[in-house]
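Make a model of the complete structure from these sequences and hints.
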Amino acid sequence: MQDFIHVKDVASVGEGKLVSVRGWVYRKREIGGKVFIVVRDSTGIVQAVVGKDNGDAFKKAEQLNIESSLVLRGYVKREPRAPGGFEIQVIDIPWSFVGWQFPINEDAAKADSEYLLDMRHLWVRSRRMQSVLKIRDTVFGAIHEWFRGNGYYEVQAPMFITSAVEGGSTLFEVNYFDSKAYLTQSSQFYLEALIFSLEKVYTVAPSFRAEKSRTRRHLTEFWHAEAEVAWAGLEDIFTVTENLISHVVKRVLERNLEELSILGRRTEPLENVKPPFPRVSYDEAIGILNRKGFDLKWGSDIGADEERALTLEFTQPIHLHHFPEQVKAFYHRNDPARPETTLSVDVLAPEGYGEVVGGGERIFDYDELVGKIRRFNLNPDDYQWYLDLRRYGSVPHAGFGLGVDRLVMWICGLDHIRDALPFPRDMRRLKP
RNA sequence: GCCGCCGUAGCUCAGCCUGGUGGAGCGGCGGGCUGUUAACCCGUAGGUCCCGGGUUCAAGUCCCGGCGGCGGCGCCA
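Each step along the first sequence adds one to the number in the working numbering, with nothing skipped, and position 246 is 246.
In short, the hints are calculated from the structure, not lab data.
There may be inaccurate statements among the hints.
With a cut-off of at most 27 Å between alpha-carbon atoms, the simulated DSS-like pairs for lysine-lysine come out as follows [as the list claims (entries may be wrong)]: (1) Lys-200 - Lys-212; (2) Lys-77 - Lys-59; (3) Lys-431 - Lys-134; (4) Lys-77 - Lys-8.
Here are the simulated distance ranges between beta carbons [to be verified]: (5) His-6 - Val-395: 47 to 55 Å; (6) Thr-162 - Pro-339: 30 to 38 Å; (7) Asn-65 - Glu-173: 15 to 23 Å; (8) Ser-261 - Asp-92: 31 to 39 Å; (9) Gly-84 - Gly-264: 12 to 20 Å; (10) Gly-85 - Leu-133: 22 to 30 Å; (11) Asp-388 - Leu-296: 36 to 44 Å.
Quantities reported herein were computed from a predicted structural model and do not represent experimental measurements.
Backbone N, C-alpha and C fix where the C-beta goes; we use that ideal spot for every residue, glycine too.
Here is the structure:
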């Protein structure tokens, strides 16, 4: 077996070296008795040239379609006319697979259409998706890196559950032998159970929401990074989320400048991301928004349009905190100093992207939790084991959930969350 | 749940308002070009104009119904 190199290393092996690369046809042009093949692999693109005098390889090269695969061998040449300044002068093509006519062309790619979603299993090969996927890899890696570097245990919660985490949210029902089960919409309750064992825990797992949402920031299956910390309060969640997000962004800037550039993503908004993030109370937000022309009453929720307007006032992600009780789920702890509000926080990504994190302090007192469940017209019987946690050595604690796909969407500057992951699932899309 | 939009070539779309022989670009195929960069130039093939009904001498175009799809809001991460 001979040694192969990756496309990105072609320039550095030095002119005149004989190299072998394996990849796919990114572009093919025939002119002047030569075939120019731009070869793509997981690391980049490089131009290869096959001359007509090289009869056997020339014939093979001529037959290749876009995205056909090939192995080629040739000499590296410094060539200012080639993209990247180097090309491979092919001496032979030891292996090739002549693919069918590739169904995605430049026109379809430019249109950014529904068609590309139907063709996603092939579109993942595009430089654009390739770049998103590399950044996504950095993001997931950096999340694990940060939690593990800060004393958290990684845990796993079940995906099959029997009742809702939050009343009102819609669950996917599945057949579970002779009974019904549901797909989890959050691992939070399980993490809360686990803090009494491990104190600081996190998980990165899918969550499922059967909401009929048709927006650019909703999926029915999304990747949820959740953490829960014993003895922690709202201030700790501010600190944890701003440090976590800043770390992730820093890693992306270290590793993915090329990918950001392929995506046409400006890096300035990312370079601004450093702790601490501005803290904006719900009260302040209502004031800011009403000065900007909204007409919001205290107690109304801050919707997508309002979030967008609010984030445009800042150059960093912001901590929006102290939401009124009625706009947050029942498990949020009310602020003893101001009981109509909760010790809750959303982190809003800048540039109009909006909510990427929701979290805050949880109710740790049994009677307080039962009372609030009733006040929200829910049935305490549905929360038996969750209430149990408040019976045996309960402690103040706090946690949060981060929508990883939303974070990737913002970091990449994407228009739609669907493009932040390879095979998105939403209300109307279950394939490929 | 609410509001709005669309369905014409493999893909992206124009044509519809104001009815009169189905169009463009990209892609395919054939040819040309001795260095292309989303190559270019010439030629050529390719259509159930979503389906059904109606109006009309005549419907892709107007009307009614159906089907399929898209965007946004709410909800949330």
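Verification of the supplied hints:
1. Among the hinted pairs, Lys-200 with Lys-212 is inconsistent with the structure: their alpha-carbon atoms are about 34 Å apart, more than 27 Å.
2. Only pairs whose Cα atoms come within 27 Å are accepted, and Lys-77 paired with Lys-59 is accepted, the gap being roughly 22 Å.
3. Between Lys-431 and Lys-134, the direct Cα distance comes to roughly 22 Å. Compliance with the 27 Å bound is thereby established for this hinted pair.
4. About 14 Å separates the Cα atoms of Lys-77 and Lys-8, which keeps this hinted pair within 27 Å; it holds.
5. The given range of 47 to 55 Å is respected by His-6 and Val-395, whose C-beta atoms sit roughly 51 Å from each other.
6. The hint said 30 to 38 Å for the Cβ distance between Thr-162 and Pro-339, and at roughly 32 Å that hint holds.
7. Take Asn-65 and Glu-173: their Cβ atoms lie about 45 Å apart, and the range 15 to 23 Å is violated.
8. A C-beta distance of roughly 34 Å is found between Ser-261 and Asp-92, which places it inside the suggested range of 31 to 39 Å.
9. Look at Gly-84 against Gly-264: about 19 Å separates their beta carbons, and that is inside 12 to 20 Å.
10. The supplied range of 22 to 30 Å is met by Gly-85 and Leu-133, whose beta-carbon atoms lie about 26 Å from each other.
11. About 39 Å separates the C-beta atoms of Asp-388 and Leu-296, a value consistent with the hinted range of 36 to 44 Å.
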